[in-house]
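Enquirer: With chain A held as given, fit chain B onto it using these hints.
Letter by letter, the chains look like this.
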Amino acid sequence: MTLDPVLLSRLQWAWVIAWHILLPAFTVGLASYIAVLEGLYFLTGRESWFRISGFWTRIFAVSFGMGVVSGIIMPFQFGTNWSRFTDATADVISPLLSYEGLMAFFLEASFLGVLLFGRRLVPTWAHFFAAVMVAFGTLLSSFWILATNSWMQTPQGYKIVDGRFEPVDWTAIIFNPSFPYRLLHNVTAFYITTAFVVMGVGAWLLRRERAADDARTMMRMALDLLILLVPLQMFLGDQHGLNTLEYQPAKLAAIEGRYETAQPAPLTLFGIPDDAGGTMRAAIEIPRLGSLVLTHSWDGAIKGLKEWPADQRPPVGPPFFAFRVMVGIACIMLLIVVAGQVLRLRGRLWGSVWFLRLCQLAAPLGFIAVIAGWITTEVGRQPWTVYGVLRTADSVSPSLTGANVAWSLAFYVVVYLIMFPTGIAFMAGLVRRGPQQPELESPVDQIESGRPHEPFETAARATLQV
Amino acid sequence: MVLDLVPLWTILLGLAVFYYVVFDGFDLGVGMLYGLVRGDAARATVMNSIAPVWDGNETWLIFGGLGLLTAFPLAFAIIIPAVYFPILMMLLALVFRGVAFEFRFKHPALRRLWDCAFCGGSLVATFAQGVVLGTFIQGFKVDGRQFAGTSFDWLAPFPLVIGLALIFGYALLGACWLILKTEGQLQDWARRAAGISLIAVLAAIAGVSIWTPLVHPDIAQRWFRWPNIAFLSPVPIVTALIALAEWEALRRRHELTPFLGAIALFLMSFVGIAISLWPMIVPYRYTLWQAASSASTQAFLLIGTLFLLPVILMYTAWSYWVFRGKARGIAGYH
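As you go down the protein sequences, you meet chains A and B in turn. Per our numbering, the first sequence starts with residue 317, numbered consecutively. Per our numbering, the second sequence starts with residue 40, numbered consecutively.
Hints were generated in silico from the structure; no laboratory data involved. This one's a predicted model, so the numbers in the text were calculated from it and none came from an experiment. Cβ atoms here follow ideal geometry from the backbone N, Cα and C, with glycine treated the same way. One or more hints might be untrue.
[Claimed, not checked] Which chain A residues face chain B? A few, computed with CB under 10 angstroms, are given here:
{"id": "1", "residue": "V378"}
{"id": "2", "residue": "M382"}
{"id": "3", "residue": "V384"}
{"id": "4", "residue": "M390"}
{"id": "5", "residue": "D403"}
{"id": "6", "residue": "T405"}
{"id": "7", "residue": "S410"}
{"id": "8", "residue": "S414"}
{"id": "9", "residue": "E416"}
{"id": "10", "residue": "G417"}
{"id": "11", "residue": "M419"}
{"id": "12", "residue": "F422"}
{"id": "13", "residue": "R480"}
{"id": "14", "residue": "E482"}
[What the hints assert, rightly or not] Okay, the calculated bits of chain B under chain A, using three or more residues with CB under 8 angstroms as the criterion:
{"id": "15", "stretch": "92-104"}
{"id": "16", "stretch": "111-124"}
{"id": "17", "stretch": "187-196"}
{"id": "18", "stretch": "329-339"}
Excised from the complex, chain A in its bound form (with noise of 0.2 angstroms):
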């Protein structure tokens, strides 16, 4: 078998960005709750919501921290492994790319200090101002990485010349048509994904009675914002379903598992896709739901994949299957957290041992389901990387062999297996120690992000007397 330099190198960036996609997941649903504790904070002058906020802002630190350093890695992939497509796009997305990295240097270099180290030394509303900021520069970034995106899957505003996309409309190219729908999906994942983690992060500590009240609160919290955010979820993952089904139906028909076309369709609830026979084996299907599901009528017509030329249609697998863990997480999650509110009801959610449990195992849902959806998308977007103008094919660096690119994903598996597990591990150091109360907190804690508290000290201190 010999090494094919495309196949490896969507690897590796499927591998670099798999990994960088956790911590944004993280983060970004992490800045707004802090940003919502120092206001509470602020308005109520409250000791628990100090605690807790500074809790989750040293916890913050590290992810913010890793994020930026596996962040560096992805502008030059597209260089190194992708280098025919940038050539084609750059026009259109380098400044999109371009103001991600920007808005997230401004935040880091203006706020993030601040809200790491400025605690003390900074009046309240200073510090929630910068918390605030931090949370609307992870939101600006999530914008724009995502509008990149989201034109390589509905592409919009631009003209072709010499067979490079040149930019025509601005508006058109970032607000393209699928762009709503990712990014409101996108970032409700991402606030999703944070509240399951506070909430086993509060059931962990709640049955080790340790900062039990503060425990309470977060669960608590968690809880009232994924009743709201669960359902609407689900919505938004429809539409946005909808939204695919109308400008990329063959992304549709891979994640439905469809190869012929029906009227009306059933939906496959599971089955094993194989591609070369263009047949779903042990189906299990649903009948007319399909079209109910996708059309929303009871005989609405679902394209199949032999609709399209066999060299324009995405393989099946990894969308079908990602899709159903997706909205098979999303099931789990609706149901742990109405159990939760019921019990929250009944006055009996701290006794139950069971569901305290059940809350530590869903920590780690939203990033499966996170990296579940993206599969669905990425690979539902294959061939191409524009989708319909621009194959994958002629998107990879000409000079790369197989075996350069063998190389060089080998060297990334080896630095993130070292790197992502190590950070994981210091991350549940900081979560096994606990909400503590102000007075407690050694100096020590204050050293994040490799800077000594004291100097920082003074820099808040000649803050304040400017």
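Expert: Relative to the frame of chain A, chain B by itself:
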């Protein structure tokens, strides 16, 4: 009529690259020297001298990369695949270095291991950046709009020598930074390290200045043809004067001047390369204008850059101001 933004983006990108080279250069240099410093207290001081600023410096690499991608995408698409492995080495080394920096504070048991990762990461990242620069000056095999060479074209004498030279260059910047930020024995040690690095750097500058025109007749023409030689002769003369001043400043135990002198030496080398290659961005093949993105693309990013860049620069200047003065060891730390 559309305004030509290429000159402005050339200046912005040139400044970003120069800023990155000087600022991440000194903290990569400090990272390499860290491996040679003996004693826990001295090591802590060395680490503290860059602790507040190193990650800010490193983010300028993203800035430079994205700036090149947006303003001159053709150059990005040709140059980056040509230096596939040096870029890989640099990125992984920077990741290791960053993670090591964070974790050595939190994991005293494994501190020696993280120390090695920090020092080794700095060394590999520096060497890789030098190789990228060397490959850039060496030029690229281009077919149409794509790099047509192999992923090992950088494995040639010239890029490797530039890689070694940059190790001494960053070590000079790092040693001069330590002279500025430390006192006593450690400062004396840094002064000796700066002296050794300076000699190596001057040898490298002289060597490259002879080697490049010999290999590239166009560059020889540019420098030695009349009347250019009259306009351009100040460049080597000024460089030589700066080198003398730098030597004197080290000998007379100045504290700030050596660092400024080292920056000036980098500036002169930068100017020298710019004169040799102007107006090429993909050397000997594509000019800045040919590689530029559309005016609309350049304008779109410029709006945000002109708004955000001054704020970022002011914040950076302020944080350097706050951390001015001598760095201290463990005593000042906890």
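Enquirer: All hints, please: hold or fail.
Expert: Now the hints, each set against the structure:
1. V378: holds, 7 angstroms
2. M382: holds, 8 angstroms
3. V384: holds, 7 angstroms
4. M390: holds, 9 angstroms
5. D403: holds, 4 angstroms
6. T405: With a closest approach of 9 angstroms, the A/T405 hint holds.
7. S410: holds, 4 angstroms
8. S414: Holds. Min distance 4 angstroms.
9. E416: holds, 9 angstroms
10. G417: For A/G417, the interface hint holds, since the closest Cβ of chain B sits about 5 angstroms away, which is under 10 angstroms.
11. M419: Since the shortest Cβ distance to chain B is 8 angstroms, the answer is holds.
12. F422: holds, 5 angstroms
13. R480: Since chain B brings a Cβ to about 9 angstroms from A/R480, closer than 10 angstroms, the hint holds.
14. E482: At 6 angstroms from the nearest chain B Cβ, A/E482 passes the 10 angstroms test, so the hint holds.
15. 92-104: holds (count 9)
16. 111-124: holds (count 11)
17. 187-196: holds (count 4)
18. 329-339: holds (count 5)
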